[in-house]
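Novice: We have chain A; now place chains B and C onto it with these hints.
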Amino acid sequence: MKFFAKNKQELPIADHFKTDGSQWTLKEKLLLGLSFTDYRKQFFRNPFNWLIIAIFAVGIPITLQRFIFGLGTVTHASNDYPWGLFLAFGLFTMVPLSASGFMLGTTVELFGRKDFHPVERLALLNGLLGYFFAVVFLQVDLGMPWRLPYPMFVSLGPAAVLFLVAWHVATYLSVQIAEVLPSFFEWIGWLKAKRFIRSMVLGLTVAGIILSTLHQGALGALFTYAPGKLHPLWMSANFQWLHFLCSAVFGGLSMLIVVSTLSKKFLTWRCDKHFLDSLDTLTLGLGKGASFAMITYIAIKFIAIAHDKEWVYLFTGWGQYYLLELSVGVFLPMMLFAFAYKNGQPGLARLAAFITVFGIGWNRINTAIISYNWNLYQEIPHWKEVAITVMIYTLYIVTYRFILYRLPILYEWKGDK
Amino acid sequence: MRRRLRKNVRYTFWIIAAGSLLIYAQPGWSFDPADAPETVTIDGLSELYEPVEFNHAQHIEMAACSDCHHHTVGTVSTRWNCIKCHNNPQESDSISCSDCHTKDRFGSSYLATLDDPELFHKEKPGLKGAFHLNCIGCHQDTGGPTGCEDCHIMNEAGRKRFNVGEYAPNRQ
Amino acid sequence: MKKNMINRRSFIKGGFAGAAAASALKNKESKAAGDFDHYPNSMGVLVDVNRCVGCRSCEAACNKEQNLPEPEKPFNDYSVFEEDVHHDDNKHEGGHHGGPRRRTDETRYTVVNKYEVPEIDHPLFRKNQCNHCLEPACLTSCFVKAYTKTPEGAVVYNPDVCVGCRTCMIACPFYIPTFKYSSAFEPRIMKCIFCYDTRLKEGRPPACVEACPQEALHFGKRLDLLDIGRKRIRNNPGKYVDHIYGEHEAGGTNWLYLSPVSFDKVGFDVHVPHEPIINFVRDFLSIVPMVLVIWPALFAGFHLLANKKNANQHDQNEKEA
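Residue numbers (the working numbering), protein chains in the order written: chain A, 1 to 417; chain B, 1 to 172; chain C, 1 to 321.
One chain only, chain A, in its complex shape (with noise of 0.2 angstroms):
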């Protein structure tokens, strides 16, 4: 695609209409303005998209397995261990790392910072999509998926904390919805829809900060139903909550950095010179306010082992488990954020940022299985539970993109708006 875009004059499209005066139909904008030959020829030139094929080879036949005969047969899910990968990864993990919607909404729509807004779209895209391939593994582990509306409309539960996160979730999802839909009305050219939702844009943003804190915080909250078996370190019953809700913070906004990163990097053609030319000092900015959400994060994380007298298993062998995941996960990229920021050192905040990223999914899956029945013995997950999370998180990625390929996220719109 770099190829095309560099040598046609009117791609990559960022306006209704071409530079001879006819307009483009929605196939051409489709096929990013290329012919059905040449559109072929740039995909299979790409090498990473082998590696689409081959990962989707060997998951769907595995994910049909899974919905053909049952979640016994791809997962180690027991009796002892209900919950696997697809929660643990793409629920827990997911979920704070798309906290970026509600983080950027807020900052840009509520507190004011319009200099933040060349990432604002890319941002809330994040927070959609996140959310939504969520919502897909939730489908893929829970044991009758085709049950899902129920504690909506058939029976409901209302002193669980899950109702609470279902119905955030399922809410939150029309919000980020219509966050996201003005980008999508530009390039399809309905503005009068557009301007609809704009009009409600306070409005969505601070529903969106109530729903984000409470289920990111619900999130959190499901695990004191067991606190027996969680080890003591990383459970509280009174913090579990703010625990998720503020590494969600950081979370977010390091996920924000990593895929602006990986955006700059492999989608330059479609960025335009705004987005470029603004994106390290925003990097920098994001790291700053990052680094204060993580400072916050351990010194919550001390209080709690405080407040529970928990200071004797950090002499013990989980103990040093999790103080490494607390320096190298939380702890060593805030003080590379910082000394970024200091500095005016972008590429140190991105390295900063993907360290994060994986500090919040190892935080998860600490939390929701290497530590859950730490007095038990300890579950692997099967390697077809691995394949199917990889094949999903993969089909996350390959809507990323086509979105990023299309709409006005990267780049302004140059049409009507």
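If a hint is listed, it holds; no wrong ones were tucked in.
Subject to a maximum C-alpha distance of 30 angstroms in a straight line, what follows is the list of computed DSSO-like cross-link-like pairs (lysine-lysine):
hint : chain 1 : residue 1 : chain 2 : residue 2
1    : A       : Lys288    : A       : Lys265
2    : C       : Lys114    : B       : Lys124
3    : B       : Lys160    : C       : Lys73
4    : B       : Lys103    : C       : Lys64
5    : B       : Lys160    : C       : Lys64
6    : A       : Lys114    : C       : Lys319
7    : B       : Lys124    : C       : Lys221
8    : A       : Lys18     : A       : Lys417
9    : B       : Lys84     : C       : Lys221
10   : A       : Lys265    : A       : Lys6
11   : A       : Lys417    : A       : Lys114
12   : B       : Lys124    : C       : Lys239
13   : C       : Lys308    : A       : Lys194
14   : A       : Lys273    : A       : Lys194
15   : C       : Lys309    : A       : Lys288
16   : B       : Lys84     : C       : Lys239
17   : C       : Lys231    : B       : Lys128
18   : C       : Lys231    : B       : Lys84
19   : C       : Lys309    : A       : Lys342
20   : A       : Lys417    : A       : Lys265
Derived Cβ-Cβ restraints for the label pairs, each shown as a range:
hint : chain 1 : residue 1 : chain 2 : residue 2 : range
21   : B       : Gly143    : A       : Tyr321    : 50 to 56 angstroms
22   : A       : Phe67     : B       : Ser46     : 48 to 54 angstroms
23   : C       : Arg234    : B       : Glu53     : 36 to 42 angstroms
24   : A       : Met152    : B       : Asn155    : 49 to 55 angstroms
25   : C       : Pro273    : B       : Asp150    : 40 to 46 angstroms
Read the hints as simulated data drawn from the structure, not as lab findings. Where a beta carbon is used, it is the ideal one built from N, C-alpha and C, also for glycine.
Specialist: Okay, now just chains B and C, sitting in the frame of chain A:
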């Protein structure tokens, strides 16, 4: 005439005296081991097991009557907590276990009788429990049979319940 | 000016939407924090580990009463007690289960496990099944109300509303609910239901109680069972540990236990909290309505502050121009 009357009175006196000796209850007098049945057929578990042909004669040689027929043969208990109230034990008319221990121990009607606030012995076992608790405890100490089928063989329903014999699971 | 009006209007709209969502979700808070007077006449079972001889009649009776699948071995096969269930059983250092243990699964609602304890010259046996808690963790964690605590004491499950999320399995401190992983289209939770449908509703004891030859399972009202348990401990000094497991564990359970040795030696988790599991979740549940109500005002304030700064800037620019 008077000589015959005195003779009759003396005669009657001795008959009454001799008879009274027979009438007065003496410990163990009514329950002579010789009177006990040789075997007792216990078929309370007939849904699942063949009846037990209990060898009573053998057990008489190993235990005193009161060891098994507790509280019913007139012996004083040796347990301090029991003597507090039961210090004047009487022989019962019947010493069959089922007279005191009911078969449907946990049915709602029997449980309702336990609501009587003046009832002291609320945890008297039912018949099945009484047999097993009484027998197995002693068997464990003396080396007697303790397995289920050592005393009663399963009938067909029992084999079905326990998945045994012709009802055993195929994948062995 | 017009721009501000639109923002305010849309903000109020959003606020109402948020409040509507809040009122729908607020209900859960009142239900969770309310006082629950447990059903006083609920029935229970007192399990006496001293009396159990490991005959497995209870397992057999349960299997037939609940139409469970055929077992792998006959019920009078006692080699099951030596089964090693886990992949690496060595990792039990400090664990709350001492020794190999069978657990309930989708084919069996109850299992008996054997324990060798040095101070007792014969093995001890302990029956494991749902304890039918007074305030069950499974019930409070279920978001489709699949569980119900009946007045008779049973905690029963409705497979028609369950979505298979398996949170109840996470929540149960006793590791009881099991999931029918083998089924792709009709999975469900499988656990002891106190024979509610077939017996308890009519006041009859569950099948396992009826089957037990030693009356190691004593059926009656929970309050009476506590009396009986204490009496048994008192009348048999030295034969029982002075504790009824389930009196306070997990907030109290309807199935209670007596043991001749300390409970952790016969497979009980002695670290189960002495309060209902829901108590650990209350801290979060209580902040939910607070956030729903406080956040709109708080962030409206932030927005006004931010706008004020921009407005001031704007005014200043205009003045300078």
